[in-house]
Structures are given as structure tokens and as C-alpha cells.
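Undergrad: Let chain A serve as the given structure and place chain B on it in line with the hints.
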Amino acid sequence: MSIKLQRVGLIAARDYKAAITSRAFLIGLLVMPVMLLLFFVLVPRILNSRSPQVIGEVAVIDTTGKVGAELARALLPAEIARRRAVEAEETPLKAASASAPAGASGSPIPNMTLVQIPPTTDIDTYKHWLIQSPDTSPRHLAIVVVQPDAVTRRPGAPTFGSYALYTSSKLDEGTEATLRNTVRGALITTRLRADGIDPDSMATVQQVFQPDAVVVNPAGDRSAARGFARVLPFACGMLLFIGVLTGGQLLLTSTVEEKSNRVIEVLLAAVSPLELMYGKLLGQLALGMTMTVVYLVMSLYALAQLSLSGLLDPMLIVYVLAFYVVTYLVFGSMMLTIGAAVNQMAEAQALMPPVIILLAGGYSLSGFIGQAPNSAFSVAMSFIPPANTFAMIARVASSAPPPAWEVWTTLLISVVTAMLVVWFAAKVFKVALLMHGRPPSFATLIRWARSA
Amino acid sequence: MTAALEIAGIRKTFGDTVAIEALDLTIPAGAIYGLIGPSGAGKTTTIRMIMSILFPDRGSISVFGQGSALEAKDRIGYLPEERGSYRKMTVGAFLTYLGCLKGRTRAQAFGRADRLLGRLGLPDVQARKCEELSKGMLQRVQFVASIINEPDLLILDEPFGGLDPMSVRLLKEIIAEEHERGATIIFSTHVMAHAEELCEQIVMIHKGRKVLDEPIAGLRRRYDTRRILLEPLDPAANLLALQSLPCAEAVKLNDSGCDVRLREGTDPGDAVRAIAGLVAPARIELARIRLEDVFISLVGGSGAHESQEALRTHLQGLSSTGAAA
Numbered sequence: 001m002s003i004k005l006q007r008v009g010l011i012a013a014r015d016y017k018a019a020i021t022s023r024a025f026l027i028g029l030l031v032m033p034v035m036l037l038l039f040f041v042l043v044p045r046i047l048n049s050r051s052p053q054v055i056g057e058v059a060v061i062d063t064t065g066k067v068g069a070e071l072a073r074a075l076l077p078a079e080i081a082r083r084r085a086v087e088a089e090e091t092p093l094k095a096a097s098a099s100a101p102a103g104a105s106g107s108p109i110p111n112m113t114l115v116q117i118p119p120t121t122d123i124d125t126y127k128h129w130l131i132q133s134p135d136t137s138p139r140h141l142a143i144v145v146v147q148p149d150a151v152t153r154r155p156g157a158p159t160f161g162s163y164a165l166y167t168s169s170k171l172d173e174g175t176e177a178t179l180r181n182t183v184r185g186a187l188i189t190t191r192l193r194a195d196g197i198d199p200d201s202m203a204t205v206q207q208v209f210q211p212d213a214v215v216v217n218p219a220g221d222r223s224a225a226r227g228f229a230r231v232l233p234f235a236c237g238m239l240l241f242i243g244v245l246t247g248g249q250l251l252l253t254s255t256v257e258e259k260s261n262r263v264i265e266v267l268l269a270a271v272s273p274l275e276l277m278y279g280k281l282l283g284q285l286a287l288g289m290t291m292t293v294v295y296l297v298m299s300l301y302a303l304a305q306l307s308l309s310g311l312l313d314p315m316l317i318v319y320v321l322a323f324y325v326v327t328y329l330v331f332g333s334m335m336l337t338i339g340a341a342v343n344q345m346a347e348a349q350a351l352m353p354p355v356i357i358l359l360a361g362g363y364s365l366s367g368f369i370g371q372a373p374n375s376a377f378s379v380a381m382s383f384i385p386p387a388n389t390f391a392m393i394a395r396v397a398s399s400a401p402p403p404a405w406e407v408w409t410t411l412l413i414s415v416v417t418a419m420l421v422v423w424f425a426a427k428v429f430k431v432a433l434l435m436h437g438r439p440p441s442f443a444t445l446i447r448w449a450r451s452a
Numbered sequence: 001m002t003a004a005l006e007i008a009g010i011r012k013t014f015g016d017t018v019a020i021e022a023l024d025l026t027i028p029a030g031a032i033y034g035l036i037g038p039s040g041a042g043k044t045t046t047i048r049m050i051m052s053i054l055f056p057d058r059g060s061i062s063v064f065g066q067g068s069a070l071e072a073k074d075r076i077g078y079l080p081e082e083r084g085s086y087r088k089m090t091v092g093a094f095l096t097y098l099g100c101l102k103g104r105t106r107a108q109a110f111g112r113a114d115r116l117l118g119r120l121g122l123p124d125v126q127a128r129k130c131e132e133l134s135k136g137m138l139q140r141v142q143f144v145a146s147i148i149n150e151p152d153l154l155i156l157d158e159p160f161g162g163l164d165p166m167s168v169r170l171l172k173e174i175i176a177e178e179h180e181r182g183a184t185i186i187f188s189t190h191v192m193a194h195a196e197e198l199c200e201q202i203v204m205i206h207k208g209r210k211v212l213d214e215p216i217a218g219l220r221r222r223y224d225t226r227r228i229l230l231e232p233l234d235p236a237a238n239l240l241a242l243q244s245l246p247c248a249e250a251v252k253l254n255d256s257g258c259d260v261r262l263r264e265g266t267d268p269g270d271a272v273r274a275i276a277g278l279v280a281p282a283r284i285e286l287a288r289i290r291l292e293d294v295f296i297s298l299v300g301g302s303g304a305h306e307s308q309e310a311l312r313t314h315l316q317g318l319s320s321t322g323a324a325a
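Protein chains in written order, with this note's numbering: chain A, 1 to 452; chain B, 1 to 325.
Okay, chain B solo, but in the shape it has when bound:
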């Protein structure tokens, strides 16, 4: 498969601060990648270098085989984290202008903008000025701007921030459609749940360095949590009895039931059957991997002054902020 993006050994500094160090990344055409990490990790700087808005001090970036994104801008759609518009311009004129800059004719750009705005619940805003729209409406307009040219590479930097759940769902649908159309998608977020839901492959960045580059499926295998969550049918059931099972290493009670940690080498299917045989379940499931846990396991112990709990709290704070937003 040909590569949509190839990054080799890039480094970027701002004064004395190293923003990105020795980053290598290859994204095949048609893939959907999640670029995750806490705020300040270097995600936006990486994306700006991919877009040739910033330039690396060292290393190279190739987009669709071209020496830089400047040669392939018409094939790229980009929704920056810091989104803006011309306040006095009408939505229609703004989107048509951006479409024309990306090599579309006025008619093509206007037509596609019209269709996409309709999909996103904004059918009548073409003639309205950007300054007349609410923040959420403007954000959907800016999303339309990023895909106005039917890009082969779509880069979305925190696309769901500030959107209501309905709009988030609509955006996810359209992102999935763009992916089905064949577009390569790079999706940057600090809300790891979004990345888990949308992406095939995860790239984690921490303090400017890549700490993970792996498919979600592989992560699930590698970072198998070996935990089973049980909610008993009878709330008064003796859950501590589960400790007598050979497959159970530890049982941790919680509000809805318990969390059973499995011994090394235990088959999860056998364990589910054994647990269900001892305590009738209302709900029983294998705990799914959380990117947050993966991230902490990768970088949590590396900082002398940064404990795992502090990092978890930080990430959970970010996630809840993102989810609330």
C-alpha cells in the first residue's frame, strides 16, 4: 500500500524548548490514524509541520510522495484546532473562497458546501455572515471547509471540541463516509475515547516523542487487561466467594458489583463460564482496554516527579473536559 504520509526523523524546537524530537511516522493511504497525547505533547506542532505551516529543523516530511504538503495542498483537508473565519463574509462566500483556493470551481465548491451544510443541520446559513452564527454552528461550517475539496488526506485537530452530542454524531458519520470514500484520515485528540471509537491505528506522543504506534486491535491484544466485570443478578450475592476460583487472582468490589483480575494464562472464556456458574450475572463482560491505561503504562513511570496517579488524573481531567465540551 502506498504511503499518504511519511515522516522521517523530524525535530522541531521553539527557542530552547524541544517540541518534537526524532519523530518517524508512516501512514498508509486510506488509513484512519489517531494522534493522541495530553495537551502540549506536540500533536498540533506535528500537524502544522505536516501541513507545511511550520517547518522542521531536521528531518523530512513527504505527503503523497511530494516533498512537502505545499505541493499537495489541493488534496489535503485540514481542520485546525484554532479555527477562524472572516467575520464579515457570508458563509457561502467563505466556503466558496476556500474551495476555490483548493482548486475547485466556484460552482463545485458552492454545491458541495450546500450539501454538507444540509447534512450538518445548517441548510439556510449560506447567505448569513459568519459573525451571525453561534460558536457551534461556526464550528460545523469550519468542518465543512475542511472537506470542501473532497480531500485525499483529511487532518482533523480536535474536531469535536465545543460541539453538542448530536453534532458530534453527525461529524463522526461524515468522517466515516470520508474514510469509506478512500480518504486517509489523521485525527488528533486528547479525548482518548474518541480515538478508540474512530481509529484503526493509534500514535501516542508524549513530550514531543512518539511512545506508541500500533493498531487498536494489536493494543487490545498486547494490553489485555485480564479483567472481568461482573454485575450480579442478586445484589446480596457473596462476591468474595469468587476468590476461591482457580482463575481469579483478585476480586475488587465496587458499587455495581466486582472486578475480577484473572491469573496469568487463564482463558477468558473459561473464566466467564466459571464466574457465571458461581454467581448468577445480570451483566458480565471482559474489561476493554483503555488508551488512558496504555498511555500511563508507557509513560507514567518515566518521569521522576510525575506519578502515575497524577498523570491519570491529568488525562481523566482532559477526557472529561473533552467529553463535556
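Looking at chain A on its own, in the form it has when it is part of the complex:
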């Protein structure tokens, strides 16, 4: 039985045109950039802007009698701000990644006043100081109990003593982290002074600004921004995921609609079931490809604006598109099979979870694999369909990409997988298109494939 490419093209063109001019697609196209904007830019700002500055008292029971003064100085808001600025300069990547709302450095600087408590105070009695009614002012934030050997070691002891920390149940993580850093800094400064060392000199000695590594390879040296390298596998995985999910969902929806509004038999009067299936697959493939290309162009524009476009290997774009095609064919065919087998979208929901789990599972690997691209797990996952495309694109996009033969092997495995899934889908599609009534189970789908 011959397939007429002209008919396949006509079906693909109609489906593509119908989908790309639909309001749903245009809204869907804008959803991802809007979500990214919300997630990475607006949400942290909104969360931070809504976090009020923490103002309250910190009690210290200084059994050494030496730390209190330094701690009072270190807790001043101006001093906390200075330390954060130095830390950001020394480790820009850490500072960037800590822009999440929970990060200590991203939160407002707390205004903590130190209250010195006599060293003989019994902490078990005094700790009730932290229990207040909510509207009491000033707030009691924490009690720091500095141990007697925190500045001067006991004879023969290999380490210094430390401190105990008691906090109010209302103290947030960011303020607690700031307090811990401050106490640590105060202890170190006091110990250095006790040993006759100038803390400022020591800080200066310890200050080393971290440069970006320059990766040297045959194609030329390139600067490796670690943050960029960390985000790239995740972003590539997301491109695959969004493109495949959008194309697959539209494929499922259009097939269910054609079946439920009975236009399918009109179409089958003009084309064969296989021509119809290939046409639909191609139409939505083109649609998902359009979406992926739009996002790629937007990403490249954003990189150019940040002067980071030189960090992107052009071959990565080729691989993203190639892996998109094979991933779409695998998952799109699965969704097409489900669309052909059911009569309504509600029935499709019962068969969709395994497909979505496979797809989302593959995508969720991107982040892990990007961190350890050449681990045994990462290499193994690169060859196990259907998650292999996500695994490999994450490795290709990582700072230590695999050799080309591995990429091509993954591509070959994916092509074979796609062919098998498309073959199975074609068998079910032929039988299921005109089936109405109770939605089939997976066992029924397999029986249909056998009978076709």
C-alpha cells in the first residue's frame, strides 16, 4: 500500500494551520517565557519586597567575657551588609545562585540588637525569655551561649569550644543563617586577636576573587561561566519537554475531536489511515518545532543581550532540534494512539499518566545529569529509551560533553525507538479510529495492534 506524500502534506498543513492560528497555541507559546520571568525575576523580588526587615534582640551569655563586644559590632546592619558584599565579590556564582528567596544573602538585612546577659545566668531558666506573645516588642530573637573555651583552648584540647544557640520559634531561616555567620565571624576575630593576629590583615590575606575558568579545546578557548553551564542542561531539557508536550497534547486533542465530531470517517474516505496518521504527526511536529525555534531565538537574543552568546556551541542547537524530532515522534505517537483509542478527552486522562510520567521523568533527569554528565548513571541513561534523549541533551549541554560517537549512538537508538513506537501506533490507529464505546485498556491496545 503506497503512501501519497501530497495527501500527508495536506493533512499536516491543515493541522499545523489550525493549531498555530488557535488562541490556545498563542497563549501556550507565551506561557513559558512568562512563567520563567515570574519564576526567576518577579517572584524573588516580590517575595523579598514583602519580607519585612527583622528587628529584635539577641541575648548573649558570654562566659569568656571577650566575644560580646565583637559580636555587638558584627551584628550592626552596616557590618552585615559589608560582609555580604565581600562574599558576593569573592564567589559571584554562589551569590547568583543564592538569589532564591530563602537564601540568606538575598533577604533583607536584619536589625539585631545585642543584649549582654551575665555569664553566671542559668540558661535553662533564662531560655523562657524567648517565649513571647506575638505583639510584644522588642522581639526576642535568639540566645547565644558562648562556651568558656571558645576563644582560648583548654590545655591539650585539639579544638576550640563553640557556642550554643537557642532561637524563638518565629525566627526565619534567613535571619538565623545571618546570625550564625555573624557569631562565627565574631569568634574567629576574637581568637585571632587573642593570638595577636590582626583580623583585618587575615581577612585581606584570605580574600581571593574567583575568576571564570577558561576552557581550552581544539575549537578555541572559551570562558566557562559556571552558572551558565549549570543552567544550560536544564534549559535544553525544558525546550524538549515543552515542545514535545505541546505538540503531543495538541495531537491528542485534535485526534479526539476529529473522532468525536465524526469527521474522521469523512477524512478516511479520502485518505488511508496511515496517511492520516503521518499527516497529523507531521503537522504537530512542525508546530512543536516552531515553538522550539521561537524559544531558541528568544534564548539566543537574551544571551546576546548578556554578551554570553559566545558560550553556546552552535552544534548544541542542531542536537536540540534533532533530539526534539525523535523525542516528539516517540511521545507524540503514544499520545496519538491514545487519541485514536478514546472518544472524549476525559477518557484520555485515564491513559495519559504513564506517558506523562515517562516524559516528565526524562525531563527531571536533565538537572541531575547536567551536574554529573559522565557518571555511570548518566552514561547508562543516555542509552535507555525513552529517557535517553533528555539524558544525552543534558550531557551535551553540560560543561563536559560526551564524545560525538555517544551522541550519535543515542540518536540512532532514539530513531529505532521512534520507528517502533510509530509502527505500533499505526497498527492501533488503524483499528481504533472507528471504535466507539468503552475506552480500551492497554491490553486491548496491544490486542488491536496484533489484529491489525
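Check each hint, because a few of them may be wrong.
Heads up, simulated EDC-like pairs for lysine to aspartate or glutamate below, C-alpha to C-alpha not over 16 Å straight-line [unchecked claim]: (1) Lys4(A) <-> Glu71(B); (2) Lys88(B) <-> Glu131(B); (3) Lys88(B) <-> Glu257(A); (4) Lys4(A) <-> Asp74(B); (5) Lys172(B) <-> Glu200(B); (6) Lys127(A) <-> Glu57(A); (7) Lys66(A) <-> Asp149(A); (8) Lys135(B) <-> Glu81(B); (9) Lys170(A) <-> Glu57(A).
Negatives, chain A to chain B, calculated, CB over 12 Å [as the list claims (entries may be wrong)]: (10) Pro211; (11) Ala269; (12) Pro403; (13) Glu406.
If you anchor each label on the Cβ, the simulated ranges turn out as follows [what the hints assert, rightly or not]: (14) Leu274(A) <-> Ala176(B): 32 to 38 Å; (15) Ala127(B) <-> Ile3(A): 29 to 35 Å; (16) Leu274(A) <-> Asp24(B): 56 to 62 Å; (17) Ser2(A) <-> Ser60(B): 46 to 52 Å; (18) Ser60(B) <-> Val294(A): 46 to 52 Å; (19) Met345(A) <-> Gly15(B): 25 to 31 Å; (20) Ser134(B) <-> Ala443(A): 20 to 26 Å.
Hints in this document: simulated from the structure, not taken from any laboratory. The C-beta atom is built at its ideal place from N, Cα and C for all residues, glycine as well.
TA: Coordinates of chain B only, in the frame set by chain A:
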């Protein structure tokens, strides 16, 4: 004459249900065939197998000498029983799309759609969306879709369901024109009156088996009802007197007159003259064969639990439903 369609020994099952069993059928090119039978007889399944939408478990189907309809889809027009359209598409785009799928250029498809829509009383719907049309209008659009490619084989599955009498008449005219053009037409219906009116040959299917395949003219000869219907000029005339005629086997009175059953071997012409000589007629005619009667005579007695009357009631119910529709 070459065959437009040849079906040899096809069988189709759905699970444990046998939908079609041992069906043979040859339809010559240019013929107009009626495929009749009650709902669930297997007509639509047969048509779907002809169209290669379903595939037989056994047997073969050849369309215009090709191994399957898939090789000849551009030459076939099909109006399925379950008709649909793309709701958001305009009528013009929908018909042009289907025309292009059947090998026509956009201009050809658009032009023919325009002419046919005009014929069917829908001259201004090309730019309207399918969802904006009434059910009857959409049905006429779907009929246009089935003949957009000037098919050599036109298969119509219950084409008149849901149409008003004017639209039914227009469709019948166009079907006749397509036949005159040379198209082979297969017409499936459970409304036997439509089949009687349109078809040259009748194929009856019952419970998946072919029970009749004969020209209408032959049926009329073979299933001669040997009855004369008389409506007397004088309503008070003594109709029972007709029983004295040698040609009359029985006289059955009805509201408008009577129904005279003729004896075996009687010449209908002589009988008409004899009856008219005895009772002056306002109207006298030979009763025409009804496919419904033929069908019942063929299959009515075969079912252990299905009496002839029950089957007749079923068929009459279907016919009246179809006619009302």
C-alpha cells in the same frame, strides 16, 4: 461491462460478533445499486470495508480492478452515515480541503463546491464556519463533499436522513445526474421506498448475509403480488360481488375500496377488465411490489423467535422513521 466493485467471500467479525459472512457482490460500472436491510444488518460495515476504512478478516475486495479502495480513493465519493466536519473551518475551506485530498486543485474544488452549493440552495455559505450551519444545511454541505471530485464510484450511506422533502428531491436529482454522467452509485438505506425509487438493482443484507441480489424489474416479476386495488366510483357499490369472478381468489375490503387477490395463472389485464366491468372504478391498479414484502418473504420465517409480523412492524417502523426524517 467492467466491474466497478468486486467483493469475494468477505467475512468480518468484531470480537465474537459476526458482522458480515460470506458476502459476494459484483457491481458493474455505471450501475446504481441499493444496499438495503434493517439497522444492524451489516450495510455500513460492508461499505466501510469497500472504502478500506475497515478490513475484512477473509475474502477480497477490488475497486476498479485495484486491490483495494486505497488505490482508487481519488475516484470514489463517499457520504458516510456518521457525518462530521471541522466546526471552526469555513465551508469553502472544508470543501476545498477535501477536494484537494481527492486530487483536485484548489481552484477546481472551490469552483465545483460553489456550483453544487448553489444547486442545493446554499449559495452564500462558503465563507461561513461549519458550526454556524443548521443540521440540514451541514448535511447538504457533506453531500457536496462526497461528489466534489466527480467520482466514478459514489457510495451514499443513508443520504436522506434528517433532510426536508425539498432537499431530498434536490439530492435525488443530483444523484440521477451523477448516474447519467456515468458514475456507479451504491446507495445504502433502510428506507426501502427510496431504494425502490432510485435503484436498478437491490442487494439485501440480513444479519450479515446477502439474502437478495436482483434487478428491481426482476423482483417485480418474481414477486408479483397478484393483487388489484380497486376504489369504486360509487362508495355504496357491492364489492363482495367481485368474489363471483373466476379470476378472484379473495376480496379484502378496506377503507377506500378493496384488495382483490387473483388466482394463479390469471392474466392481470383480463382481471382488470373483468373487475371494471362488474364495479365501475374511480381508481383501479395492479398493486406494486414492496421491498418490505420481499424482504419479509425472504427472511421472515427463518428466525425461530422472530415472527413475520414482528419483522414487518420493525421494517415499517424504520421506514416511517426514515420518511419522517
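Undergrad: Could you work out which earlier hints the structure fails to respect and list their numbers in ascending sequence?
TA: 11, 16, 17, 20
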